[in-house]
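Protein chains in written order, with UniProt numbering: chain A, 1 to 153; chain B, 1 to 730.
Don't read these hints as lab results, they were simulated from the structure.
Check the hints yourself; a few may be wrong.
Said to hold, decoys possible - Listed next, the stretches of chain B that the computed footprint assigns to chain A, with coverage defined by at least 3 CB atoms under 8 Å from CB atoms of chain A:
id, region
1, 212 to 218
2, 287 to 299
Claimed, not checked - The list that follows gives simulated cross-link-like pairs (lysine to aspartate or glutamate, EDC-like), each with its CA atoms no further than 20 Å apart:
id, chain 1, residue 1, chain 2, residue 2
3, B, Lys283, A, Glu64
4, B, Lys619, A, Asp124
5, B, Lys277, A, Glu13
6, B, Lys277, A, Asp120
7, B, Lys611, A, Glu29
8, B, Lys283, A, Asp124
9, B, Lys221, A, Glu91
10, B, Lys283, A, Glu29
11, A, Lys87, B, Asp208
12, A, Lys145, B, Asp362
A virtual CB, placed ideally from N, CA and C, is assigned to each residue, including glycine.
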Amino acid sequence: MAITFNVNGEPREVDVDPNTPLLWVLRDELGLTGTKFGCGVAQCGACTVFVDGMPQRSCVTPVELINGSDITTIEGVEGPEASAIQKAWVEIDVPQCGYCQSGQIMSAVALLRDISDPTDEDIDGAMTGNICRCATYVRIRQAIKNAAAELKG
Amino acid sequence: MLKSVIEADRRTVLRGAAATGAGLVLAMVLPMRARAQSGAAAVIKGGATDTAFAPNAFVRVAPDSTVTVLVKHIEFGQGPLTGLTTLVAEEMDADWSQMRGELAPANTALYKNLAFGIQGTGGSTAMANSYEQMRKAGAAARAMLVAAAAETWQVPAEEITIEAGIISHKVSNKTGKFGDFADAASKRSPPAEPSLKSPSDFKLIGTDRPKLDTQDKATGKAVFTMDATRPDMLTVVIARPPLFGAKVKSVDDTDARKIKGVVDVKKIPQGVAVYAKGFWPAKTARDVLKIEWDETGAETRSTDEIVADYKKKAATVGRVVRKEGDAEKALPENAKTLQAEYVFPFLSQAPMEPLDFLIEADASGGEAWAGTQMQTVDQAVAAQILGCRPEELKLNTMMAGGSFGRRATPNADVASEAAEAAKALGRKKPIKLVFTREDDLHAGYYRPLYVHRLKGAVDQAGNIALWDQVIVGQSIIEGTPFAAQMKDGIDPTVAEGSEDIPYQIGNLRISTHQTKLAIPPLWWRSVGHTHNAYVVETFLDELLAMANKDPVEGRLELIGEKNPRHAGVLRAVAELAGWGAAVPEGRARGVALHKSFNTYVAQVAEVSVGKDKLPRVHKVWCAVDCGVAVNPNVIRAQMEGGIGYGLGHTLYAEITLDKGRVVQTNFDTYRSLRINEMPDVEVTIIKSDEAPTGVGEPGTPPISPAVANAWRKLTGTPVRHLPFTRHVQS
Chain A
1 MAITFNVNGE PREVDVDPNT PLLWVLRDEL GLTGTKFGCG VAQCGACTVF VDGMPQRSCV
61 TPVELINGSD ITTIEGVEGP EASAIQKAWV EIDVPQCGYC QSGQIMSAVA LLRDISDPTD
121 EDIDGAMTGN ICRCATYVRI RQAIKNAAAE LKG
Chain B
1 MLKSVIEADR RTVLRGAAAT GAGLVLAMVL PMRARAQSGA AAVIKGGATD TAFAPNAFVR
61 VAPDSTVTVL VKHIEFGQGP LTGLTTLVAE EMDADWSQMR GELAPANTAL YKNLAFGIQG
121 TGGSTAMANS YEQMRKAGAA ARAMLVAAAA ETWQVPAEEI TIEAGIISHK VSNKTGKFGD
181 FADAASKRSP PAEPSLKSPS DFKLIGTDRP KLDTQDKATG KAVFTMDATR PDMLTVVIAR
241 PPLFGAKVKS VDDTDARKIK GVVDVKKIPQ GVAVYAKGFW PAKTARDVLK IEWDETGAET
301 RSTDEIVADY KKKAATVGRV VRKEGDAEKA LPENAKTLQA EYVFPFLSQA PMEPLDFLIE
361 ADASGGEAWA GTQMQTVDQA VAAQILGCRP EELKLNTMMA GGSFGRRATP NADVASEAAE
421 AAKALGRKKP IKLVFTREDD LHAGYYRPLY VHRLKGAVDQ AGNIALWDQV IVGQSIIEGT
481 PFAAQMKDGI DPTVAEGSED IPYQIGNLRI STHQTKLAIP PLWWRSVGHT HNAYVVETFL
541 DELLAMANKD PVEGRLELIG EKNPRHAGVL RAVAELAGWG AAVPEGRARG VALHKSFNTY
601 VAQVAEVSVG KDKLPRVHKV WCAVDCGVAV NPNVIRAQME GGIGYGLGHT LYAEITLDKG
661 RVVQTNFDTY RSLRINEMPD VEVTIIKSDE APTGVGEPGT PPISPAVANA WRKLTGTPVR
721 HLPFTRHVQS
């Protein structure tokens, strides 16, 4: 069954089993490997992408459900929040192994789009779904605060 | 990890490998002056890829003056890519902006770990074994560039200086860059013994530096094995036995083959391999395989039965690994005694990137891509299965999404499955083996389950009169190529961290019972130190409380003058935390001290009772002494990460068996620490001129006992069966 949607602003069409999770369509069909496979059951957040602007776990999102949607992945995320987050991430050297970081960054960008000056509780609420086995959490928290401060100017 | 092989003589390791079927002839003789191999998987995009000057296997200078360092250690977050590049840059007097790092491919002759004798990363040895080697590689490059400039300019070499990558002869006002002299330098012979800088002249070593791979990891561009692809590649998912030790009896793949995208299904020694165009069809097809398993001889016990068996063993004295005084001697009059039994669960490393391995096999060998922690072993085992010599299977080292020991199996489990799958397909196409998270958690290679039984006593004067400890659990290295490191059949990983207890106790006995199970054991971030640090530091804390002694002062008394670096980090953390000052109401603090892999770490944890009735850890203060602090930023990061990794498992994680079947399936049941559970961490690094030691593991052991000691103070309850979730009162 042909399914059509936009990825990072470009129209795409795939012909796969409609139950195939969006994650594997992005990775295996479209070659966008920045979005990661970590658990397959929406527990770790490594596969987080935006579907029509909202963060979603692509590993449990059947591709048929996103027919006609706009998908944003780490390869295409942009805007002031994304720039501030990625800059802050690099400045305080957040990643260790780095494998979960695409998902962390997508969740952090979504948080800042929603709440420009998040408290610790806001950060916990938005980021709890993203596991980092290296436990870079201290720096993730700090980078989000630094990015928020920069956006405030 | 791999402490046991740190003094390994390479030949014994290789003999061991051959004896267990893991080895062919592993050694290859390649000239050290060979140009570094150019086809390595480029994980960090360098400036220029053409090399004008390759003074040794580690350094390449391009015409545009960029310097690429071939890094012999895998990068999975602990920072060797940046650290080893820093060492070369320091001795070359390069500017940091011109430096690049690239992971070296498998080549034991060129890139062996000097502590192991084989190419591999572990035991927190990356910096320790490379410190002099990489500095010499950089110093040799520098000397050759200087000599080339001296000849070109016709000036004395001693008058030439290099600063931030600019070569200068001040008297004649001449300057140039590395690239300008790369050709000329490449025609010269490397100096036999290049002279190294004095530490007082270091410009890069000792200063904070972001990691070279951070930018790519913050933009989704870093390429892991999971992301690597080859033309016509098939994804392989394997159905493995539901019980440890079971085998395939028969398989019906009718339904599996009907799934669109499935190309083939093959029985391999480890299970049944499904080959498909992409992960999803492979996984879906595997789910509908009908397999009958032969469970003869498989492990069918539940974890509780294994624990009960271990507890019986713990009631008797084992093989004595450390003895002071007489532990059987009658106790002094009115001595207070304490007996305790500890249980530590199986733990999975569960690195964020599920296990994977890519092989493109052909008639004469082939090429492979993997985030392997032991290139020499993975290459040798895969080559043996494919019937070629190790060097005929080129193995590219990929960036790995964590490992914590899992990508360093002595039997190369992942590499061998991939090689078998490639062979079974007739080497027709490249294949990438992918584990699901469930596969990873069910595969074994766990931190073994251990039981400790202790008897201690405190005399009337408050001195510790007895410490008698029995440890029961699997040997990690018995029956592997690393078994050559066992002395008298004793695996040093079982008691490491207890056997070298830094406290002076008159009557002390530590003994071990090594067990064998069908469940494959493995190192797990900090190996034996995980459980031994917990036992030593919590049991001691209880004895000190019985003696009415302060946890910090009491420890310092027992350390005495004998272990100054232990005392140093303990004093430093006490000062950093303001130990002894008032603690907010409802909170308590615990301290723990532990040396592992020659790095000394002390931590103080401030804890309250959380809403879930589990410890809520608010803050951790940490002092670390790892010799020369090459990159303080990375050291702090490893302390933060090591604390989070240790804390998450201590609070929430265990792998249990129900009649032989692993109960946990994914991160919902094998709980990982999350951001809302992460404490603030403050780190102080002891200033030292000692040779640098590792930081990847040593941050992990002290956190669990520090939290447990705070918890006991807070609630009166010593926790002796991990994880903490076992003790939640409903």
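Hint by hint, here is what the structure shows:
no., hint, in the structure
1, 212 to 218, "holds (count 6)"
2, 287 to 299, "violated (count 0)"
3, B:Lys283 x A:Glu64, "holds (19 Å)"
4, B:Lys619 x A:Asp124, "holds (16 Å)"
5, B:Lys277 x A:Glu13, "holds (18 Å)"
6, B:Lys277 x A:Asp120, "violated (44 Å)"
7, B:Lys611 x A:Glu29, "violated (45 Å)"
8, B:Lys283 x A:Asp124, "violated (33 Å)"
9, B:Lys221 x A:Glu91, "holds (17 Å)"
10, B:Lys283 x A:Glu29, "holds (16 Å)"
11, A:Lys87 x B:Asp208, "holds (17 Å)"
12, A:Lys145 x B:Asp362, "violated (52 Å)"
In this structure, the earlier hints numbered 2, 6, 7, 8 and 12 are contradicted, and the remaining ones agree with it.
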